[in-house]
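> Sequence:
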Amino acid sequence: MKRNFILVIVGIVALVVIVRDVPFIAHVARVERERQITRLERDAYVLAGQARELVDVNGNLGASEAVSLVDEFSANSAIDVVVTDKNGILIASSVSANRVGEDFKNRPEIASALLGNFALGGRQSVTVSDTLVYAAIPIFFRDSVAGVVRLSRPQTVIDREVNSQVRQLVLAAGVAVLIAIIAGVALAGVVSAPLRRLQDAAEDLAQGRNAVVKPDGPKELRALARQFNSMSDRVSQMLSQQKRFAGDAAHQLRTPLTALRLRLEQAHQNLRVDTAAAGSNLEAALKETDRLSMLTERMLQLARSEGQVLVTENFDVGILCREIVEEWSALAGESQVSVVAETNGGLRVDASRFALHEIVANYLDNALNHAPPRSTVSIIATRRMDEVEVIVRDEGPGLNETQRRMAFERFWRAQTEPSSESAGLGLAIVAQLSRAASFAVGLKQAPGGGLDSVVRVPVDGKLLDRDDVVTENRRS
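Residue numbers for the sequence shown follow this note's numbering, so the first one is 1 and each next one is one higher.
Please note that a few of the clues may not be correct.
[Stated by the list, open to error] Computed list of lysine to aspartate or glutamate pairs in DMTMM-like fashion (alpha-carbon distance at most 20 angstroms, straight line):
no., residue 1, residue 2
1, Lys444, Glu389
2, Lys219, Asp143
3, Lys86, Glu65
4, Lys444, Asp365
5, Lys86, Asp130
6, Lys287, Glu313
7, Lys86, Glu102
8, Lys214, Asp204
9, Lys444, Glu409
10, Lys219, Glu265
11, Lys214, Asp233
12, Lys444, Glu401
13, Lys214, Glu203
14, Lys86, Glu53
15, Lys86, Glu32
16, Lys444, Glu342
17, Lys214, Asp200
18, Lys444, Asp460
[Said to hold, decoys possible] Computed spacing ranges between beta-carbons, pair by pair:
no., residue 1, residue 2, range
19, Arg261, Arg374, 49 to 57 angstroms
20, Asn117, Gly59, 44 to 52 angstroms
21, Leu171, Glu203, 39 to 47 angstroms
22, Ser335, Arg384, 27 to 35 angstroms
23, Arg20, Arg99, 18 to 26 angstroms
24, Arg209, Thr275, 58 to 66 angstroms
25, Glu326, Ser192, 36 to 44 angstroms
The set of hints was computed from the structure by calculation and includes no laboratory data. Beta carbons: idealized from backbone N, C-alpha and C, even for Gly.
Using the sequences and the hints given, assemble the complete structure.
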């Protein structure tokens, strides 16, 4: 990824350089060539004007003065200068190879200028073995030509200076690409570092180790790191829950399985000797099977509640409580126990309907197991400030303070409770669901005896303090 990121940045910069700088470099080269020719023309006009001042009254150009003029110009310029008289004879030159007195009329530009024309252009020169770019300007005296000033430069010299400008621009473009590469490497390191940490953390997580990534870098990567940490926590919790479930299952299933085996062995031994004893043992084995089935179902329910992702929705707690009463009325009637709902209006909340239903149902199941015949179990829902409180109140023997504190532990059962009637997991499921839904749950002594099983639900979905999620006697 880092290499691809660098290639993308360099590619973009290179594309920009090509699209912008290639036409620009071509334009600069053209402008520089035009500037060189314009300079020749300009300087030729200036020198022709200065040479005009050196013409005497007879229309003759002074040779010594022309030499001084050429020397002065050549001291500050690399341009070749040639000055001829009105007959095309060389009287001054900055080129050492030229001889004073040489006839220059055979040069086309000189011949043209002697006729009073301004000669600008280029031609192949035998003398310099190159294309000669020139500007030949006549020196006018009155109505005649007193001489010619020619400024010239070899084409290769002009090209060399133009190429020098082009090289500077190419160098600047190369520096820009180099800077882009350096910036790309640095930026790729900054961007890829959090991703590498995520990759390392993912490998740790895949190997079963706990992995946490520091949320840094761009906003998107910080959000990704937080999501990864949340996922890592959930995976770690699930692995821990699986280990705990396996340990709990092995521990809790050992006793009923052993009892079931003993009952079946006794029934087998008594089958031919004492059929009544064999039948009694088989009946006890069936009870152990029922207990084993109930224990397994409760353990599975607890395992599902630990890994559950709860959905928040808006609903009326009063309606939910009345629905639970309808669901459980038939079962309660078998135990000669009445179940009633006491609710009022204004009980809408934004919370997990599933979690509240399961918590109240577990409370109700626990209450029916302990409520005496011809008693009443009440589901009371009231609004308290920014919470809705639901109480499942029974008329059973209740629990003392120590028992209420331990009731939410796994597999805990009151000493007076028959082991076959409960798996000791109902309130553990309540505690787990309350943590997942951020409810507050607890047990307290009911007015007049019995037990109040309490769950408090925030109205607006706001999370309760963590220390308040599973509590005991918070409002006793």
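> Each hint: holds or not?
Here is what the structure says about each hint:
no. : hint                                : result
1   : Lys444 / Glu389                     : holds, 13 angstroms
2   : Lys219 / Asp143                     : violated, 84 angstroms
3   : Lys86 / Glu65                       : holds, 15 angstroms
4   : Lys444 / Asp365                     : holds, 17 angstroms
5   : Lys86 / Asp130                      : violated, 27 angstroms
6   : Lys287 / Glu313                     : violated, 41 angstroms
7   : Lys86 / Glu102                      : holds, 13 angstroms
8   : Lys214 / Asp204                     : holds, 15 angstroms
9   : Lys444 / Glu409                     : holds, 16 angstroms
10  : Lys219 / Glu265                     : violated, 67 angstroms
11  : Lys214 / Asp233                     : holds, 14 angstroms
12  : Lys444 / Glu401                     : holds, 8 angstroms
13  : Lys214 / Glu203                     : holds, 16 angstroms
14  : Lys86 / Glu53                       : holds, 15 angstroms
15  : Lys86 / Glu32                       : violated, 34 angstroms
16  : Lys444 / Glu342                     : holds, 19 angstroms
17  : Lys214 / Asp200                     : holds, 12 angstroms
18  : Lys444 / Asp460                     : violated, 26 angstroms
19  : Arg261 / Arg374: 49 to 57 angstroms : violated, 40 angstroms
20  : Asn117 / Gly59: 44 to 52 angstroms  : violated, 19 angstroms
21  : Leu171 / Glu203: 39 to 47 angstroms : holds, 45 angstroms
22  : Ser335 / Arg384: 27 to 35 angstroms : holds, 31 angstroms
23  : Arg20 / Arg99: 18 to 26 angstroms   : violated, 51 angstroms
24  : Arg209 / Thr275: 58 to 66 angstroms : holds, 60 angstroms
25  : Glu326 / Ser192: 36 to 44 angstroms : violated, 59 angstroms
Going through the hint list in order, the structure does not satisfy hints 2, 5, 6, 10, 15, 18, 19, 20, 23, 25.
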